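Take the sequences, apply the hints, and build the full model.
From first to last, the protein sequence lines are chains A and B. Residue 185, in numbering that gives the first Met the number 0, is where the first sequence stops; the numbers in between run on with no holes. Residue 283, in numbering that gives the first Met the number 0, is where the second sequence stops; the numbers in between run on with no holes.
One or more of the hints may lead you astray.
[Stated by the list, open to error] Pair by pair, the computed Cβ-Cβ distance ranges are:
{"id": "1", "chain 1": "B", "residue 1": "Ala195", "chain 2": "A", "residue 2": "Arg14", "range": "57 to 63 Å"}
{"id": "2", "chain 1": "A", "residue 1": "Thr21", "chain 2": "B", "residue 2": "Glu66", "range": "50 to 56 Å"}
{"id": "3", "chain 1": "A", "residue 1": "Asp95", "chain 2": "B", "residue 2": "Ala69", "range": "46 to 52 Å"}
{"id": "4", "chain 1": "B", "residue 1": "Arg43", "chain 2": "A", "residue 2": "Gln103", "range": "31 to 37 Å"}
{"id": "5", "chain 1": "B", "residue 1": "Gly122", "chain 2": "A", "residue 2": "Ala162", "range": "38 to 44 Å"}
{"id": "6", "chain 1": "B", "residue 1": "His280", "chain 2": "A", "residue 2": "Asp178", "range": "31 to 37 Å"}
[Claimed, not checked] Some chain A residues close to chain B (C-beta under 7 Å, calculated; not the full set):
{"id": "7", "residue": "Arg14"}
{"id": "8", "residue": "Leu16"}
{"id": "9", "residue": "Ala29"}
{"id": "10", "residue": "His57"}
{"id": "11", "residue": "Arg130"}
{"id": "12", "residue": "Ala183"}
Hints are computed from structural coordinates only; laboratory data are not their basis. All values reported here derive from a predicted model rather than from experimental measurement. Every residue, glycine too, gets a C-beta built ideally from N, C-alpha and C.
One letter stands for each residue in the lines below.
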Amino acid sequence: MIEAERKAVVRDAERVLATLETTMDGPGRAEVYQDTYYDLPGALLDAEGRELRVRTVHGRDGARTVLTYKGGVVDEASGSKSESETEVADTGAIHDIVRGLGYQPLIRFEKHCRNYSTTLGGRQILVTLVRVPEIDGTWLEVETQATEDDLGDALDTVWRVMADLGIDEGDLTTELYTDAVRAARG
Amino acid sequence: MPTTLPLELPPRVWDDAAMREALRARDIGAVFRGCQRYGVSQTRLATATGMTQARVSEVIRGRREVEQFAVIERIAGGLAMPDDARRLLGLAPARERRTAPEPAAFELAAFPEILRVYPRQAGAAEEIQRAAVAAREIDVLAVRGLGLLALNDSLLRASLPHSHGGLGLRLRVLLLHPEADAVEQRAAEIGESASALAAGIKLATERLAELADSGRDVHVFWYRMLPTWRVIRIDDVLFAGTFTPGWEGHESAMYKVTRTESGPLFSGLGRQVEALLAESHCAV
Numbered sequence: 000m001i002e003a004e005r006k007a008v009v010r011d012a013e014r015v016l017a018t019l020e021t022t023m024d025g026p027g028r029a030e031v032y033q034d035t036y037y038d039l040p041g042a043l044l045d046a047e048g049r050e051l052r053v054r055t056v057h058g059r060d061g062a063r064t065v066l067t068y069k070g071g072v073v074d075e076a077s078g079s080k081s082e083s084e085t086e087v088a089d090t091g092a093i094h095d096i097v098r099g100l101g102y103q104p105l106i107r108f109e110k111h112c113r114n115y116s117t118t119l120g121g122r123q124i125l126v127t128l129v130r131v132p133e134i135d136g137t138w139l140e141v142e143t144q145a146t147e148d149d150l151g152d153a154l155d156t157v158w159r160v161m162a163d164l165g166i167d168e169g170d171l172t173t174e175l176y177t178d179a180v181r182a183a184r185g
Numbered sequence: 000m001p002t003t004l005p006l007e008l009p010p011r012v013w014d015d016a017a018m019r020e021a022l023r024a025r026d027i028g029a030v031f032r033g034c035q036r037y038g039v040s041q042t043r044l045a046t047a048t049g050m051t052q053a054r055v056s057e058v059i060r061g062r063r064e065v066e067q068f069a070v071i072e073r074i075a076g077g078l079a080m081p082d083d084a085r086r087l088l089g090l091a092p093a094r095e096r097r098t099a100p101e102p103a104a105f106e107l108a109a110f111p112e113i114l115r116v117y118p119r120q121a122g123a124a125e126e127i128q129r130a131a132v133a134a135r136e137i138d139v140l141a142v143r144g145l146g147l148l149a150l151n152d153s154l155l156r157a158s159l160p161h162s163h164g165g166l167g168l169r170l171r172v173l174l175l176h177p178e179a180d181a182v183e184q185r186a187a188e189i190g191e192s193a194s195a196l197a198a199g200i201k202l203a204t205e206r207l208a209e210l211a212d213s214g215r216d217v218h219v220f221w222y223r224m225l226p227t228w229r230v231i232r233i234d235d236v237l238f239a240g241t242f243t244p245g246w247e248g249h250e251s252a253m254y255k256v257t258r259t260e261s262g263p264l265f266s267g268l269g270r271q272v273e274a275l276l277a278e279s280h281c282a283v
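Listed below in structure tokens is the structure:
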């Protein structure tokens, strides 16, 4: 599957939060993501825009860990990537396995998220308000699953959700949190 | 007082997790090393803090510790530390907060530090065990650590030294001093004899000493304060309950708290643990 996703800088976070709380399917779910990105020696995955990530999600229903592989970018304008993801039962074991296979931690950081769900044009949409403690600002991420054939339609739907929330097209960004955190850490 | 030439560093220097840990531990050597990562030379650190370059070098290499309050105050001033960094060092604020209260209120409303509420510790046990096996640091503030002993298997696995395939966990456990006046009060609150409670604390300490004897990084401290908070911190996630008259600690509801920029619970409880560690007797 392809994760059809767009990301924007949020200028008026309080207004967007208030709108999200009243227009989505239920109130926001606060979650903290602890992300570790792995790479091969020489950062080969990073060089090709690919990602291998172990994410532990702390939320209202406990903690769960997912392993995600993202292939290269399939849509330059949005930065959307093909994605495979699976939940893993043992957080310690998956870190051991990935390291044992020769991958090294590239970067580790936290995302503080407030997640919302909605449906538009027959698509399940995930809307997330994001803060990353080490970098200034609040972000909005909107994503849905797509195939290669309907990626354009999926991205249009994603944009409609963002526009309804008052996001300006000029605030769309393809900057990666990994790059921003690395820059912040010098 | 020596002449100083204050040094203004980018604000992100003080937001770095390792730096915040160094400040919290009052480890000035680590603070200086953190500044070096941003290109600050030993000479510049010396002129900023009114120390000689040789003294700065000794501190950086861990050959000398900085403990005098006046010197720490001078270093904080010389490095123009913002108030939150000064607070981590245990110093009073020097100037206006960097962030206005409104953003903090927004952040805590949108991204609250309490992520989950468990009606009893038992509900949190599975999550605590799963988190422990991938942890680097665990701090426990308890009375006799009954709940901790119940988690023994996961702690055993997690506390394997790095050289034996583990993650090299550091485990610090604060238990009530078996001879503290508070033992009698706490025992009465839960309907036990003081001698039984004291014996329980010693038993838990012995079990943890066995872990330490097998080469694991395990330390037990005995504090004397009246038990108030029950805290299990696993890296950046903290589980907090309370010791209340009539309740055993594990009967308290527990909050799962994460570290956020403005959250008072994580920082306050973390500070409480550090303050107790600083004045406690190291039993193991």
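**Message:** Restraint: A/Leu16 near chain B, CB-CB cut 7 Å. Satisfied or not?
**Reply:** Check passed: Cβ of A/Leu16 comes within 5 Å of chain B, closer than 7 Å.
**Request:** Given the hint of 31 to 37 Å, check if B/Arg43 and A/Gln103 actually sit that far apart at their C-beta atoms.
**Result:** For B/Arg43 and A/Gln103 the Cβ distance comes to about 33 Å; the hint holds.
**Prompt:** Given A/Ala29 as an interface hint, is the shortest Cβ-Cβ distance to chain B below 7 Å?
**Reply:** holds, 5 Å
**Asked** Quick one: are A/Thr21 and B/Glu66 within 50 to 56 Å, going by C-beta?
**Response** The hint (50 to 56 Å, Cβ to Cβ) holds, given that A/Thr21 and B/Glu66 are roughly 54 Å apart.
**Item:** Restraint satisfaction for A/Arg14 [CB to CB of chain B, less than 7 Å]
**Value:** Nearest chain B Cβ about 11 Å off; hint violated.
**Asked** Range hint 46 to 52 Å: satisfied by the CB atoms of A/Asp95 and B/Ala69?
**Response** holds, 47 Å
**Request:** Starting from the range 31 to 37 Å, see whether the pair B/His280 and A/Asp178 falls in it by beta-carbon distance.
**Result:** violated, 48 Å
**Asked** Does A/Arg130 meet its interface restraint, that is, does its C-beta lie within less than 7 Å of any C-beta in chain B?
**Response** Because about 6 Å separates A/Arg130 from the closest Cβ in chain B, which is inside the 7 Å limit, the hint holds.
**Item:** A/Ala183 as an interface hint toward chain B, with CB separation required under 7 Å
**Value:** holds, 5 Å
**Asked** Holds or violated: 57 to 63 Å for the Cβ distance of B/Ala195 and A/Arg14?
**Response** Distance hint for B/Ala195, A/Arg14 holds at roughly 59 Å.
**Item:** Hint check: 7 Å Cβ-Cβ cutoff, A/His57 to chain B
**Value:** It holds, given that the least Cβ distance between A/His57 and chain B is near 5 Å, below 7 Å.
**Item:** Verdict for B/Gly122, A/Ala162 (Cβ pair) under range 38 to 44 Å
**Value:** Once the Cβ atoms are compared, 42 Å apart, the range 38 to 44 Å for A/Ala162 and B/Gly122 holds.
In this structure, the earlier hints numbered 6 and 7 are contradicted, and the remaining ones agree with it.
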